Every structure is written in C-alpha cells, then in structure tokens.
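So the protein sequences, as listed, match chains A and S.
Anchor point for the first sequence: position 139 equals 138 in numbering that gives the first Met the number 0, and the numbering is continuous, going up by one each time.
Anchor point for the second sequence: position 25 equals 24 in numbering that gives the first Met the number 0, and the numbering is continuous, going up by one each time.
I should point out that these hints are in silico values taken from the structure, not numbers from a laboratory.
Don't take every hint at face value.
As the list claims (entries may be wrong) - Dumping the calculated PhoX-like pairs for lysine-lysine here, alpha-carbon to alpha-carbon at most 25 Å:
#1 Lys255/A <-> Lys234/S
#2 Lys2/A <-> Lys35/S
#3 Lys84/A <-> Lys156/S
#4 Lys84/A <-> Lys14/S
#5 Lys124/S <-> Lys255/A
#6 Lys252/S <-> Lys234/S
#7 Lys90/S <-> Lys87/A
#8 Lys156/S <-> Lys87/A
#9 Lys35/S <-> Lys254/A
#10 Lys87/A <-> Lys254/A
#11 Lys1/S <-> Lys124/S
#12 Lys84/A <-> Lys35/S
#13 Lys87/A <-> Lys1/S
#14 Lys257/S <-> Lys312/S
#15 Lys1/S <-> Lys48/S
#16 Lys255/A <-> Lys10/S
#17 Lys255/A <-> Lys277/S
#18 Lys2/A <-> Lys245/S
#19 Lys124/S <-> Lys87/A
#20 Lys46/A <-> Lys255/A
#21 Lys252/S <-> Lys192/S
#22 Lys254/A <-> Lys90/S
#23 Lys90/S <-> Lys255/A
#24 Lys310/S <-> Lys252/S
#25 Lys255/A <-> Lys280/S
#26 Lys245/S <-> Lys87/A
#27 Lys234/S <-> Lys280/S
#28 Lys200/S <-> Lys245/S
#29 Lys312/S <-> Lys2/A
#30 Lys87/A <-> Lys152/S
#31 Lys48/S <-> Lys254/A
#32 Lys200/S <-> Lys254/A
#33 Lys2/A <-> Lys124/S
#34 Lys277/S <-> Lys234/S
#35 Lys254/A <-> Lys277/S
#36 Lys127/S <-> Lys87/A
#37 Lys2/A <-> Lys90/S
#38 Lys87/A <-> Lys94/S
In this text the structure is predicted, and so the values were computed from the model without any measurement.
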Amino acid sequence: MDKYIEMIRIRFLMMLAYRTNYYTGILIYSINIGAYYFLWSAIYGEKDAIEGMSVIQMSTYVAVAWMARAFYFNNIDREMAAEIKEGKVAVELIRPYNYLGMKTMQGLGEGIFRLFFFSVPGMFIVSFIFPLQFSADWTTWIFFAISIVLSFFINTQINLLTGITTFFLFNNTGLIRAKRVVIDLFSGLLIPISFFPVWAQDVLKFLPFQGISYVPSMIFTKSFSDNEAIQAIIMQGIWVLLLIIPIQVLWVIAKKQLIIQGG
Amino acid sequence: MKDAITVRNLKKEFKAYSSRSGLKGAFRDLLTRNYKIVPAVNNISFQVKQGEMVGYIGENGAGKSTTIKMLTGILTPTSGEVIVNGMNPHKDREKFVSTIGVVFGQRSQLWWDIAVQESFRLLKKVYKVSDEQYDSHMAHVIRTLDIEPLLDKPVRKLSLGQRMRCELAAALIHNPPLLFLDEPTIGLDVLVKLKIREFLKEINEKYNTTILLTTHDLSDIEALCERVVMLDEGKIIYDGALKSLKEKWGEGKEIEFKFLEEVTLNDLNRITASSEVKWEKDEKEAIFTAFAEDNDELISLLIAKVVADLKVKDINIKETSTEEIIRNIYDRGIS
Numbered sequence: 000m001d002k003y004i005e006m007i008r009i010r011f012l013m014m015l016a017y018r019t020n021y022y023t024g025i026l027i028y029s030i031n032i033g034a035y036y037f038l039w040s041a042i043y044g045e046k047d048a049i050e051g052m053s054v055i056q057m058s059t060y061v062a063v064a065w066m067a068r069a070f071y072f073n074n075i076d077r078e079m080a081a082e083i084k085e086g087k088v089a090v091e092l093i094r095p096y097n098y099l100g101m102k103t104m105q106g107l108g109e110g111i112f113r114l115f116f117f118s119v120p121g122m123f124i125v126s127f128i129f130p131l132q133f134s135a136d137w138t139t140w141i142f143f144a145i146s147i148v149l150s151f152f153i154n155t156q157i158n159l160l161t162g163i164t165t166f167f168l169f170n171n172t173g174l175i176r177a178k179r180v181v182i183d184l185f186s187g188l189l190i191p192i193s194f195f196p197v198w199a200q201d202v203l204k205f206l207p208f209q210g211i212s213y214v215p216s217m218i219f220t221k222s223f224s225d226n227e228a229i230q231a232i233i234m235q236g237i238w239v240l241l242l243i244i245p246i247q248v249l250w251v252i253a254k255k256q257l258i259i260q261g262g
Numbered sequence: 000m001k002d003a004i005t006v007r008n009l010k011k012e013f014k015a016y017s018s019r020s021g022l023k024g025a026f027r028d029l030l031t032r033n034y035k036i037v038p039a040v041n042n043i044s045f046q047v048k049q050g051e052m053v054g055y056i057g058e059n060g061a062g063k064s065t066t067i068k069m070l071t072g073i074l075t076p077t078s079g080e081v082i083v084n085g086m087n088p089h090k091d092r093e094k095f096v097s098t099i100g101v102v103f104g105q106r107s108q109l110w111w112d113i114a115v116q117e118s119f120r121l122l123k124k125v126y127k128v129s130d131e132q133y134d135s136h137m138a139h140v141i142r143t144l145d146i147e148p149l150l151d152k153p154v155r156k157l158s159l160g161q162r163m164r165c166e167l168a169a170a171l172i173h174n175p176p177l178l179f180l181d182e183p184t185i186g187l188d189v190l191v192k193l194k195i196r197e198f199l200k201e202i203n204e205k206y207n208t209t210i211l212l213t214t215h216d217l218s219d220i221e222a223l224c225e226r227v228v229m230l231d232e233g234k235i236i237y238d239g240a241l242k243s244l245k246e247k248w249g250e251g252k253e254i255e256f257k258f259l260e261e262v263t264l265n266d267l268n269r270i271t272a273s274s275e276v277k278w279e280k281d282e283k284e285a286i287f288t289a290f291a292e293d294n295d296e297l298i299s300l301l302i303a304k305v306v307a308d309l310k311v312k313d314i315n316i317k318e319t320s321t322e323e324i325i326r327n328i329y330d331r332g333i334s
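So that you can see chain A by itself, here it is in the shape it has in the complex (with noise of 0.2 Å):
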C-alpha cells in the first residue's frame, strides 16, 4: 500500500513542476461556469422552476458539476496511449506493482491536488459572483463526498477501459476524444439528466454515466430526497464492481498478445 500512497504523492509534486497548467485551468473552469451560468438564467427567463429545479439550484448545479469534474476528471487514456504507443509500457511492466492500479492511483493524486488547490477555492470564489446555495445538512456533505469519490472510480475505471483499447488499436486518439464528449453529455455535467427526454432517461438508467456527474450534483443541490440518494450511491457502487470485470478480462487479454512498439 506503501508504494501506492508514494505515487499519489509523486503525482502531486509532478502537478506542481507543471505550474501554466494549473493557471489556465482555473481560468477554463471559470469560463465555463460563468457561460452555462448565463445560459442556464436565459433559458430560466421568468419562470420560477424547470423540472422541479429553480434557477439557484441550477446554477449551483452546474458549479458543482464543473468543481467535481476537476476532481474526477484525469488523463489516464491518453497517458496510456502514450505510453503504449511509445513502448514505455515495458518499463512498468518490469516493476512489481498493478500498473493499472498504479494508474488509479496517479490519477487519485491529480483529482486530490485539484480539489484543494483549484476545486476548494474555485467554488469560494464562484460563490461571491453567482448566487450558488449550501446545504447546511451534514448528511448531504457526507452522502456528496462517498457520491464523489465513487464517480472518481467510475470515471477512471472507463479511462482505464479505453486506455487498454490501445493494445488491440495502436491508435485510439479519436476514441478517446469520442469518450470524452460522450461522459460530458450523458454524465449530466453539461444538462441535467431529467432534463432529457424520458425514453433516453430510462436508456441512461442502464448506463454507468450518470454516475460519474448527475448523482453528485443532484446530491449537493438536494435535489435528490435522501432516499434517492441512497440509492444512486448504491447505483454507483454496483457500476464500480461491475466495471472490474471488463477490465480484468481485456487487460488479461492485452498483456497476451501485448508487442512492445519500437525494439
């Protein structure tokens, strides 16, 4: 265990070599917020509430949303693409750990650096510019953060899922980017899902998705009863074990007929 709290820690002192990164960061995330901000207040015009949701649990929704995509939000596909791609996989291959447990954890280290020092702020200074609402509940901080931390390992284990496809494809940059765009939409980080129509709703159910962004968005707002709560945190759960299993199965499969590119 030793080894993979070490990592997690050299993750952090490699974000802090790469200090632009972190800048231009804040800045993104800022405009983004403010943009689906101003959006969301044109749509909302007069009306009190859309879908059950006011205009204050909206915006609050989408700076959550966008907070806790800087913490579950990694580049594990692409840096194994990379190092697929590169041959680099070999030199973790002759190192006695789980390399794609050595991944998870790089990509722990890069969502805990980014909560502290870019989430935990952000949401400070976008409280001052846009009328966000807390909870003064302790049990929806608690049932926000194990929400969290789940959509982190749903997350990462679809990056691992497509970073393993570079074994069998040499080149997945276009995969990885289509991942991207479709956990942004179907996650409900870019529209809330029961804002979709409600035949796709009940398609997404049986997706692992909406438990990357929706649950713990839903959850923060209070938008979920504690019940709901409860029991799309046990959805994420279930989607985190189910979700072991492919990935067993295509690494197994990888590492067989792996060929180490470039001598």
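Guided by the hints, dock chain S onto chain A, whose structure is given.
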C-alpha cells in the same frame, strides 16, 4: 552453482501484416489482411550461471531485445520454457520482477518531470527496501557513480550520460541478483562508458550479480564479459568464450610498415618471397600492410627480413579486432 537463467527451446512469433497495393488493395485490407508469421526468436536454449557476465550480441533485429523482454516477463513466449531466478517470469510477475533489475538504454525509467531523488524514493517504496538497506547500499552506488550532485535535479535537465548513471542506480535500488542491460552505453562518451563498466565489474564482484548485457559496442563486451552468446535471425549461432571466438574466427595479423625511403610493392614482394604474405599499399599515407597468418615465428621472420633490407620508420602489429570478427560473421554467417 545454481543457474540464474535457464532457457529451453524458446520461441516467439509475431504476426507481420502487409498492406496490399493500390486503392482496391486498401479496401480489401479493411476486410481481410495479409499476414505472415515471423519468428523473432526461434528455438533458442542457453543457461547462465549465477555471477556470470554474459554478452548477448547480434545485428539489429536479430531478436536480442525480444529475448530480454521474454526473460523479464514483459512478453509471453509462443512456446518453450523460461526459468529465471527459479521462477517463471510470466506467472507470478510481481514477485519475479522484484528479483531483477533492468536498464533499457533507450527508455527512461525515471519520472521525467521530478527530481531524481523523488524517483529513487518511489522506487524504494515500490521494491520495499528498508531504510538501513537503502542507506548502506545506495550510498555506495551514488558515490561510485558520482551522481550525488544530480539528485535534486529533474530528469529532463540531465544530460544523457548523467541520466544513464542515474538509470543504472535506479535499477539497483533493490540490489537485485540479476541485472539485464539492454544497450546501456548507447550514445555515451568514453569517460561515462568507462565509469559504468568499472561500476558493473565492481557490483559483480561484490554481490556476485549476474549480468546479461546486450550492446552494439563490442568494447563493452570485451571489457566485461568472458562469455558471449551471438544471435542471428532468431537463432543462436555462437555461445562460448569470447577468447575462443577470436581464436576461431580471427584471421591472422596485420603488420603495418612506414619506410624512410621510397619503396614499391614489388620490392616488398621480392624480399618476402619465401613466406606466405600478402602486401597492400595505402597510397595516401604510404603505409604498407602485410597480411600474414597468426603465427609468431612467421611474423618475427617477416619483420626481420623487411628490417634487414629497408629503413623502417614505424611498425605496427595489429590483431584482428573483435569488431572485425563479428562483422565478418554478420556478413557471411557462420558456416
């Protein structure tokens, strides 16, 4: 003494896809693709004893790196048996890899953006090295490789030679009994090469570390290894002492003369007519080279004859270098 590496009938085949020509061919490739099965390593067997230093040589694409990757458990062999440090590298991989150290000359195993000592610290945790072990062992390694001043620099700021020394130290953090070096001296200057060679010799003596080394720089092998395994097109074509390779394949000696006076090839041929010698002249530098069989008496007789008749400015006796021997073998193959 127990064997560090045992390889029996090891084979690795790759599918080599080829594209059909033209647009029509490209469309056909979408559906079915032509491929050939190419053996990269074809039925090789060898053993390496604990504490041996073995040079593993061969042309580019002969299958050296593929073998190393199978021995380190990265690639799964198509068939055959590999036992390294008493384990099958592909089965319990995590347990196995903590008993070996690997340096890939062309790939870094340090983290690019962070200081060298942070990489070391992570590797120390990864290999579960205790503080006492680390201090006593690594202090020595760091001193010998002279990398103390580099430890707080990020890897991307190091020169190739500096990085390579750090790579070597990183591979030795857990003091493995077996070390794989895949072209460790590629692109390094003479001083760094010497330092690395001395260091390898030292750890071999001190810890009885087995070292398997692939390189294109034969002076590395001459300096370090008594035994070489030579690979060509996936097959072992020579496995034995470096010395007997020289004796078997060395082709006589060359004696270079420079004369104080004008000399022609005819003169020389006349003087040495009685012995079997071939003369050649380098027009530019006026160096005359005699090619003779590697026979001490013949050579001393030859020199005596030449010196008795002509005024000599410089004499130089050269043995066929290992490089030339290997080049000859690559060119013609062993037959």
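Verification of the supplied hints:
At roughly 23 Å between alpha-carbon atoms, Lys255/A and Lys234/S fall within 25 Å of each other, so this suggested pair holds. Annotation: proposed proximity of Lys2/A to Lys35/S is violated, straight-line Cα distance about 43 Å (limit 25 Å). Using a Cα cut-off of 25 Å, the hinted pair Lys84/A and Lys156/S holds, with the two alpha carbons roughly 24 Å apart. For the hint linking Lys84/A to Lys14/S, the alpha-carbon distance of about 18 Å falls within 25 Å, and the restraint holds.
Straight-line distance between C-alpha atoms of Lys124/S and Lys255/A comes to about 28 Å, which puts the hinted pair past the 25 Å bound. Of the supplied pair hints, the one linking Lys252/S and Lys234/S is violated, its CA atoms being roughly 30 Å apart against a limit of 25 Å. Distance check on the hinted pair: Lys90/S and Lys87/A sit about 21 Å apart at the alpha-carbon level, within 25 Å; holds. The hinted pair formed by Lys156/S and Lys87/A meets the criterion: a straight-line CA distance of about 20 Å does not exceed 25 Å.
In summary, the hint linking Lys35/S to Lys254/A is supported, as the alpha carbons are separated by about 21 Å, within the 25 Å threshold. About 14 Å separates the Cα atoms of Lys87/A and Lys254/A, which keeps this hinted pair within 25 Å; it holds. Between the alpha carbons of Lys1/S and Lys124/S the distance comes to roughly 29 Å, so the proposed pair goes past 25 Å and is violated. Between Lys84/A and Lys35/S, the direct Cα distance comes to roughly 22 Å. Compliance with the 25 Å bound is thereby established for this hinted pair.
As the CA atoms of Lys87/A and Lys1/S are separated by approximately 32 Å, the hinted pair breaks the 25 Å bound. The straight-line distance between the Cα atoms of Lys257/S and Lys312/S is roughly 5 Å, inside the 25 Å bound, and the hint therefore holds. Restraint check: the Cα-Cα separation between Lys1/S and Lys48/S comes to about 6 Å, which is no more than 25 Å; the hinted pair holds. Simply put, Lys255/A and Lys10/S have alpha-carbon atoms about 15 Å apart, close enough for the 25 Å limit, and the pair holds.
Straight-line distance between C-alpha atoms of Lys255/A and Lys277/S comes to about 57 Å, which puts the hinted pair past the 25 Å bound. Between Lys2/A and Lys245/S, the direct Cα distance comes to roughly 48 Å. Violation of the 25 Å bound is thereby established for this hinted pair. Taking the CA atoms of Lys124/S and Lys87/A, the gap is near 21 Å; set against the 25 Å cutoff, the hint holds. For the hint pairing Lys46/A with Lys255/A, the CA-to-CA distance comes to about 59 Å; that exceeds 25 Å, so the pair is violated.
Our distance criterion of 25 Å between C-alpha atoms is broken by Lys252/S and Lys192/S, whose separation comes to about 28 Å. Straight-line distance between C-alpha atoms of Lys254/A and Lys90/S comes to about 12 Å, which keeps the hinted pair within the 25 Å bound. Of the pairs offered as hints, the one joining Lys90/S and Lys255/A holds, with about 12 Å between alpha carbons and a cut-off of 25 Å not exceeded. For a cut-off of 25 Å, the pair hint linking Lys310/S to Lys252/S stands: about 22 Å separates their Cα positions.
Between Lys255/A and Lys280/S, the direct Cα distance comes to roughly 58 Å. Violation of the 25 Å bound is thereby established for this hinted pair. The suggested pairing of Lys245/S with Lys87/A is violated, with an alpha-carbon distance near 37 Å, which exceeds 25 Å. Proximity of Lys234/S to Lys280/S is assessed by CA-CA distance (about 39 Å); at most 25 Å being required, the pair is judged violated. Restraint check: the Cα-Cα separation between Lys200/S and Lys245/S comes to about 22 Å, which is no more than 25 Å; the hinted pair holds.
Taking the CA atoms of Lys312/S and Lys2/A, the gap is about 67 Å. The hint is violated against a cut of 25 Å. Using a Cα cut-off of 25 Å, the hinted pair Lys87/A and Lys152/S holds, with the two alpha carbons roughly 22 Å apart. Taking the CA atoms of Lys48/S and Lys254/A, the gap is near 29 Å; set against the 25 Å cutoff, the hint is violated. At most 25 Å may separate the alpha-carbon atoms for a hinted pair to count; Lys200/S and Lys254/A exceed this at roughly 35 Å.
Straight-line distance between C-alpha atoms of Lys2/A and Lys124/S comes to about 5 Å, which keeps the hinted pair within the 25 Å bound. For the given pair, Lys277/S sits about 36 Å from Lys234/S by alpha-carbon distance, which is inconsistent with the 25 Å threshold. With a CA separation close to 58 Å, the supplied pair Lys254/A and Lys277/S exceeds the 25 Å bound. Proximity of Lys127/S to Lys87/A is assessed by CA-CA distance (about 23 Å); at most 25 Å being required, the pair is judged to hold.
Of the pairs offered as hints, the one joining Lys2/A and Lys90/S holds, with about 22 Å between alpha carbons and a cut-off of 25 Å not exceeded. With a C-alpha separation of about 21 Å, the suggested pair Lys87/A and Lys94/S falls inside the 25 Å cut-off, and the hint holds.
The earlier numbered hints that this structure contradicts are 2, 5, 6, 11, 13, 17, 18, 20, 21, 25, 26, 27, 29, 31, 32, 34 and 35.
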